[in-house]
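Use these hints to put chain F onto chain C, whose structure you have.
Residue numbers (the working numbering), protein chains in the order written: chain C, 1 to 448; chain F, 1001 to 1580.
Don't read these hints as lab results, they were simulated from the structure. Be aware that one or more of the hints could be misleading.
Selected chain C positions facing chain F (Cβ under 7 Å, derived; list incomplete) [stated by the list, open to error]: (1) Val-137; (2) Ser-138; (3) Ala-170; (4) Pro-174; (5) Arg-175; (6) Pro-177; (7) Glu-205; (8) Gly-277; (9) Asp-279; (10) Leu-306.
Just so you know, these numbers come straight off a predicted model, no measurement behind them. Positions of the beta carbon are idealized from the N, C-alpha and C atoms, including for glycine.
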Amino acid sequence: MTMDHRPPRPPRAPRGAAPPRRPARRPWVLLICGVGLAVGIVAVLATILGLPDPARRAGGLRAVTACRGTPQFAPGYGFRGGVILSTSLPQRMGLVLLDPAQPGKAFQHPSWTQAGHLGAVTTDAAGNIYVGPAPRVSLATNPPAGATTIWRVDTRTAEMTPFLTVPAAAPPSPRNPFGILGLAYDCDTGSLYAASVAGSAPASEVGRIVQIDPDAGAVLSQVEGIDALGIVIAATPTGKRLYYGSAREPRIASLALDATGAPRGAPRPEIDLTDLGADIQERARRIDILPDGSLQVTVIRFRFTLEPTQPRQLHARYEAAGQRWVPGPAPAAPARSIRPCRPTPSVRRPGRRGRRGGAADRAAAWRCGGAPRPRAPPQLLVVAVRMGGAAAPRLRRIGGIAPDHRRGARGERDRSSARAGGRPGGAARQPGPGRRWGWTDPRPRRPA
Amino acid sequence: MIYSTRGIGGPLLLGLGVILLGLACARPPSAAAPLPTPVLAARIPPDLPAVRARRAAIATALAATPPILPLAGLDATAAQVQTQVLADPRVRALPVPAGGGGPMLVEVFGVVPATAGDLTAATQACRARRCYKTVLYTFATATTTTVISDAESGAVLEVATLPDVQPDVPPHLAALAVAIARAAPEVQEALQMVPPAEMATMAATKAGVTSSRCERSRHLCVAPIFRWGERALWAVVDLTDLALVGIQWTDVGATSRRRVTEASLQDTVVSRWCETPVPLTWGPWRLTAMLTGSDGLAITEVTYHGRPWLRQAKITDWHVRYPAGPPDQAVGFQDAVGCPTFSAAAVIPVSEPVLAPITDASATPIGVALVQDFRNEHWPIPCNYRYQNRYEFYADGRMRMLAVNIGRGCGRGGVYRPILRLVPAGAAHTVAAWDGAAWARWPDERWLEPSAARRRAADGAQLRIAATGGGPTLLVVPGQEPRPDDAFLYVTVTRSAEGDGDLPALGDCCREDVRQGPETFIDPEPLAGQPITLWYVPQMPSVERAACWAESVLRDGILVADEWPCAAGPWLVPEPPPTP
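Okay, chain C solo, but in the shape it has when bound (with noise of 0.2 Å):
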């Protein structure tokens, strides 16, 4: 499953077909498809390339990863096209698996419950799924202890195992049960990335992002001292940089990367999230890169505790003129362009540290199966859980997997409610975002 960014093919004859009589052509006609042809080929260049496109040029960013690959299992698993990975499903603790092209589809393995409910995700090349532990509602599924080991889904076996605990200036508590926030991933250096908030308090802010060789589960490299919530790895006109969301102020920052995707220097004020319309309270839980190089920001109240909060998504764009991120427009609806994309022997895993490996994942998707797309928003959606809370996946087109939570007007619930009264036996409502269903029965549970 990738993004393709490249420009159609012209379609080909078909076999067995006699070639068409070409028509004697005028010496204009003749420079011009010269022209158009040189063009071609430089544009077909620069792209293989990786040339700076536009949203570059502009002051925009790039998203690394295109390389992201479906899961291997998921097609013995009935899935026909891309996956959906879902850690905030309201009926659902853990992981579960969607089917954009198959409504009401659901695959959870039973080992993807093991670490209690999830929240930071992403993939790698391979098809291997990372995520994290963030408790909802309540700690009797997330005990603190847990906060900060990454878990990994076998892109084989679908196994659900626990991959690397990031280290912690201090263990996560009761007064701060949170630990890993924001999980990505690097195509150009095979890198994932981690940021924990474990040991921080309100006076103290000890928080790390950490950069992990997946392959080796080892740490690269770290840096203390900064709680963020949402991380994502981009290309801008100067290097490599990380950007995340601060878990503890209303703005976006950013660290560079040097060559091997260690992060270097200070970080850098990138955005006040109240000039894009924000609360003073809300913080940016996930940053998407779009394909213009603006970006999506989902944002939450987030205070450290577990009470629940919706969602909701703004939008910056680059301003090059003034170097610098200005509110912008909200992005039309995506094409939905879910391509099927069986990994082969020949889907290349990124390039090694150092190497730009962007080029050689984008020929590997192109060889990926089917037919060439127009430029469309990434297969492999990940939605993450909303910290504390939890509400219907933002895909609305799932429909059916999970109710409308939205809240609408207090006296339209409270009708509702009124109404209720003449149902017979009285039966529960639907919880809100952010209630944890919990299921007993009379044997023994284990320990919490």
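Below, chain F alone, put in the same frame as chain C:
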């Protein structure tokens, strides 16, 4: 030139000196000094002529047709536009709640010529015509409605609604906010004077006030700012309740870009109770109180006439179970209440603890109640909760710890089971339970299921806890009013790891038997010579519009909450009664 001061020099110099001295004393606080702590107001509307006039105007508008409060002081064209807009069926439908009932308060906030930036695809015709933009605000739903109309033809071209968007307030509401702020005792005390209206200015906005937000109450709020030297006093005013929310000082400059809002004020003020225990005193009672990360408001070191009474008391968990599906598959939740920031709480406090007097039928004070409120942001919308810690201290030495629920919950038939933890003072205790005829001593940790037969007829006492090495002998009397607690009681040896600190999650939300959580601490260990902990788990069924319930109702055009609280908790009665 030489000026002769002969004859006037002395008094002149003296006068100048007095003036300079006065100015020095009246100098605004130095920016280098720490900022005063924010203050949450009681949120009581002041009795001002402007407030009374506002209420009268609202009442008049709600009784009119359509029940929309128009904007006064418009020129002829704008007034005509307003009339045309208010005649549109889509606009006349704005005050009508979705579920029916009385009108919601809708007010016209502005009628101005439409600009190019106001136009959409549906209103492109306005580029060649004279169009107006009318802005209306629905208080109950915090919805802004924008209407584009043709001033010449009177046609309404577009009606667009923006939920949870607060428009700029009109000048008359800005002036009202300033009046409310000026009259607030909190503002006057902070400024050490009644500030003149001209002091509340903000060049950035035409209305003279800075926008603010009341994120939790979803009310219309603005913040007059009183500039005082290098500092500014924000006074957040709730224009729905017509009352002051609170005040906060900021330094003038970059840091003042961030708005002071209802939530930021509340969190800042309440969080102070999370850092250090606060000593409280009432009559013969002394204690310390502190907000915990997940166990609500905990009280410690409780003494009565200087004698240790309780070592600790708190609510560690709230369980709620709803009936649904097969009997072995109930659904429910497990809530922790605690600090508004940095905690494992799902339901947080939005106000500080309060001390409320308890009086008898003749209004004579007989005790005091320490109450801490916790609520979800959208309470009382379904599946939002409100809880209270309530500790009652009486002059005669009795004490009662109550767990209070005020709905709303996710449905009917829910049963709340809070887990109360009480640690009596004393180095060791003996525990006896009433067996129907006499006190029977407990040799080890054990529990009691609810049973009316095990309560002493004379006073309803069920357990007797006698302390050695300091501490009183206490009778544990399960509550019977307004309904019996039906409580599970557990007695365990006090272990620090078993609840002295935060217990984020204990037990299962949805069991209906003794397995509520504290049974996991029962080994059973012998009690002899040991300090004990009493766990008390009452059962509080919710009844629609009767107990453990709350609902929003429209009253005077805005949403208010009707409450039916339920409460349960044990009495701790000293034996024998202490002599004063």
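| Which of the listed hints are not met by the structure? | 3, 7, 8
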